[in-house]
Amino acid sequence: MTSRTATRPFRFAGCVELRQTLDVHALDERELMHRIAEVPPGSIFFHTFGYFLRHRAFTTAYGNDFARWAAHEIGDHALAERLAVVDPFAFSTVEELREHLVTIVQDHLRGREAETRVEFDRAFHFQQSHIVEVPLGLSAETLVEFRAGLATVDESAIYLHTVETRARERRSEAFSEWLRDSLDLPALAERFERADPYLTSLERIRGRLLGLVDTAFDEARR
Amino acid sequence: MSRIDDYRRVAAPGAVDFILKLAGQVKGRRFLHITGGRLGGGATETLRAAVPILSELNVDTRWEVTGGDNTYYTTARSLQAALEGAERVLSEEGLARWVDMNGLNAKKLDLDADLTVVHDCQPASLVSARTAGRWVWRCHFDCSSAQPTPWTFFRRFAEQYDAAVFALPGFEGRLGIPMYIVPPSIDPLSERNRDLTPREISDTLTALGVSRDKPLLVQIGGFARAHDPLGVVNAYRLVKKHHDVRLVLAGTADGEPERLELLSHLLEVAHEDHDVVVLELPPEAHRQVNALQRAATIVLQKSVRAGFDLGPAEAMWKGKPVVGGYAGGLAQQIVTNVTGYTVHSVEGAAFRIRHLLNNPELIPRMGAAGREHVRRSFLITRELVDDLALGVHLTR
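Each protein sequence line maps, in turn, to chains A and B. Using the working numbering, the final residue of the first sequence is 1089, and nothing's skipped along the way. Using the working numbering, the final residue of the second sequence is 520, and nothing's skipped along the way.
None of these hints come from the bench; they were simulated from the model. Honestly, I wouldn't trust all of these hints.
[What the hints assert, rightly or not] The following label-pair restraints were derived from C-beta to C-beta distances:
1. B:Ala492 with A:Ala1018: 24 to 30 Å
2. B:Arg254 with A:Thr1019: 40 to 46 Å
3. A:Thr1019 with B:Glu408: 39 to 45 Å
4. B:Pro176 with A:His944: 58 to 64 Å
5. A:Asp895 with B:Leu163: 43 to 49 Å
6. A:Ala1087 with B:Arg323: 58 to 64 Å
7. A:Ala1018 with B:Asn482: 40 to 46 Å
8. A:Arg989 with B:Leu384: 39 to 45 Å
C-beta atoms are modelled at their ideal positions from N, C-alpha and C, and glycine is treated no differently.
Given these sequences and hints, build the entire structure.
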């Protein structure tokens, strides 16, 4: 396994998230619900999956921007909890994720009369992003080389080759895809796909993926 | 002048190599920045550091400035103030002069570039003379509450751009073009933020007449109501009942009558209480600001209205916890309970200061977290990455 050469090399790329504001804002929870239903899919992606690229270990407690806003700006901790528990990776499409978010807010608002309305500077400002890929000049043809690259690449590469490729169609490919198709390691590819990126940091995901590769090496030696 | 390799010792690991890779993607493309001058803070301060670095990276980058007569400058200043929400009287003649002078500027300047970035208000109507390449209006202020008539006038120029860039979501005005977000940054190697030796700090504080015999609460900022220095004094007084601290308020008055009146009031306060130190500093007093922030126990930034004041980022870079108002970009910089606290009142500020003084182990812990937060999010290296990515995206 360690000496197997891939049918084509894996090329590591990092990324930059170029943020775009949509001039769409929500000042209360009902507006949040309506805007979530209306904004482009890229905005739903930005505020859920994209959260993992922007936030660090000490700020990921909410899991997505909607939950963070409900807690910090509106002070509705029940809604924040209900939104925070939404794992974007559990949905097969962004539209399914959007519907689920709308349903949660709608259900939360049912029967409630008064809602907190915030000043504009505390509004939820909807955004989306353009991912600019940055080839890192690092490639791998074997699992040993892949592990070396994985251990050292910029953490944005971890996001690009796990989260972005998994949820959006991108030029760069997923780690798991290359392991399966080019290195013929379907079991390891499946473990990579099962690695849970929800509510953790990119560095921790890197550590978990390195652990999976090391386990594969150990199994091959036995 | 700092070189790109100098940033390796201060930026996040790998950040400089990432910039080098990104710069490689725009090689051969020509970038042009246009501002209303080369002096001052904000955009020009960043460009003074960034343009030489980009040139060092073989990214063809030029920086031009516009100029004109007295009417041109005063109209541009008033127009920007109106776009920031202030009430201003703008005459049709003055606005026509501003447009005409930028027409003359367009004839004098070499505007041939693949991406032209026009900063703020003064040079903005140059876009009417665009011929080739992509044009971006980079707005460094909050124009979300612009006066309607000036905005309607300005909008016809803004919409001739291919895109606009704002510092924060929510700072934008209504425009029918793509609007990107690039927050500002600090230069960790500048005189304002570089490491100072203990001797440099103590000599500077001695020269300022600030004694370090008790914990220092420091607020840096203009003597303007937006920065609420009187609120800071009242918070200090609430703290002073329990802790023997000294308050330092340092900033500029800019000769504006309202600011001078506020400064005069603060000087009276300082006259009555010798633990309140009020320092009027010139805008270029970077070493003094640096030393005061480094000598502080806690840095305050109790602004009630702010654009994207980078005071918290500067203080956090120096390892200080920040108690800041909930305004503009402050809330973006301060991670509550981690790097400091955002507060909504005088009492809230006093409560948080007392909390920190009564639990001193939090001070270095928050300071260290703040420095790491700034290292990743508010250093010029991050802004270079954003700018280069914008260049890649808009010129591909």
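(request) Of all the hints given earlier, name the ones this structure violates by number, lowest first. (result) 4, 8
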